[in-house]
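Each of the two chains sits in its own frame; use the hints to bring them together as a complex.
Residue numbers (the numbering used here), protein chains in the order written: chain A, 9 to 122; chain B, 1008 to 1118.
It should be emphasised that the hints constitute simulated quantities derived from the structure, not laboratory data. Please read these numbers as outputs of a predicted model, since none were measured by experiment. Don't take every hint at face value.
[To be verified] Sample of chain B residues with no beta-carbon within 10 Å of chain A, all distances over it, derived: (1) 1014; (2) 1020; (3) 1027; (4) 1034; (5) 1052; (6) 1056; (7) 1066; (8) 1076; (9) 1082; (10) 1085; (11) 1105.
[Stated by the list, open to error] When the alpha-carbon atoms are kept at most 16 Å apart in a straight line, the in silico EDC-like pairs for lysine to aspartate or glutamate are as follows: (12) B:1063 <-> B:1034; (13) B:1110 <-> A:46; (14) B:1100 <-> A:67; (15) B:1009 <-> A:67.
For every residue, glycine included, the Cβ atom is placed at its ideal position computed from N, Cα and C.
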Amino acid sequence: DAGITQSPRHKVTETGTPVTLRCHQTENHRYMYWYRQDPGHGLRLIHYSYGVKDTDKGEVSDGYSVSRSKTEDFLLTLESATSSQTSVYFCAISPGRTYQETQYFGPGTRLLVL
Amino acid sequence: QKEVEQNSGPLSVPEGAIASLNCTYSDRGSQSFFWYRQYSGKSPELIMSIYSNGDKEDGRFTAQLNKASQYVSLLIRDSQPSDSATYLCAVNKGSQGNLIFGKGTKLSVKP
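Isolated chain B, as found in the complex (with noise of 0.2 Å):
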């Protein structure tokens, strides 16, 4: 199983619709959760990070977030075009800050 798993997409949602974007992961021992966005021929940029069971909202993202499942997610309501990106997921690996990241999910929105 890979460490952190990602569905390539592309994602394609129309706008002002809501994207959901998924990501599981292996290492039960993780602690802490991010969500990078990153444009074609850009570098990554944190967009979230979610280290305990449940929502955090930080205007139209939601990190969902549940250990028992290995699984978070996030959700970006009312999307625009300027949303169309490639979205990292990236998880703690062990007690150091190392990350591991998923291979990401390519989101379209469509005007």
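Chain A with its partners taken away, still in its complex shape (with noise of 0.2 Å):
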């Protein structure tokens, strides 16, 4: 998986606690990425880092929160989880040098939210 983990890599949780996932990579790529997959909708991009401490919102932020105090790792955070937050959710990295860079991704975190 290139170089990336994520944790933990199962989770059952109730409905208004907060989740924290964490991605890890050992490549030193520039570029990391959350995303969640759903039945029907396919990977959509949650957030995405572009470097320490800089961060932007993918395509579904609401209710996620992320942070990157190191190259290395990627969190991110379900203040107040929802069942509708159920999910499987993937981290990739990227080197991002140029558009042709692709993404690679870690093995996934399947959440439950009761």
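Here you go:
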């Protein structure tokens, strides 16, 4: 998985609780991304980062926040989880030097919000 | 019009046949195009990238790009049961590396 790990891999939580997902890379890539994948919707971008402390919103950012204090770590936080945030969450990384750079995905985190 | 469109399938082909997967996109400014394969319960993995009009071959896989028609396709020759997966088309958006993904086409290769 191109030097990308995600933790936890599986999580069950209750509505209203905060949840933090971690993405860790060993590739020293500049760009990091958080996606969610749902049946019928495909992969949708939540937030991305183009450097330490540099982040921006994606297509479905409401209800999510992110932080990147180190090159290797990108955290996704659900401040107050809702059932609609039950999903599979993927982290991806990219060197981002040119438009030709592709993204490489981590193993994913399955989140169930009850 | 959706930004990246793919037939959801399932597309069923016999073993040894050619599987043809298609994708259309709406942003004429897109410059890079990717095909990912995703097995059930796994993460997407890159199988092909293409940036210029024409064909690009890599083993049993051929990507075809036609920017005038805003169309990109993936051909899989000599399909194997192990090729059974969902294939995702991704197109870059704007000048940054952000990708827009299609919903994927599920391919089933029957022995």
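Index of numbered hints that the structure contradicts, given in increasing order: Hints 5, 6, 11 and 12 not satisfied by this model.
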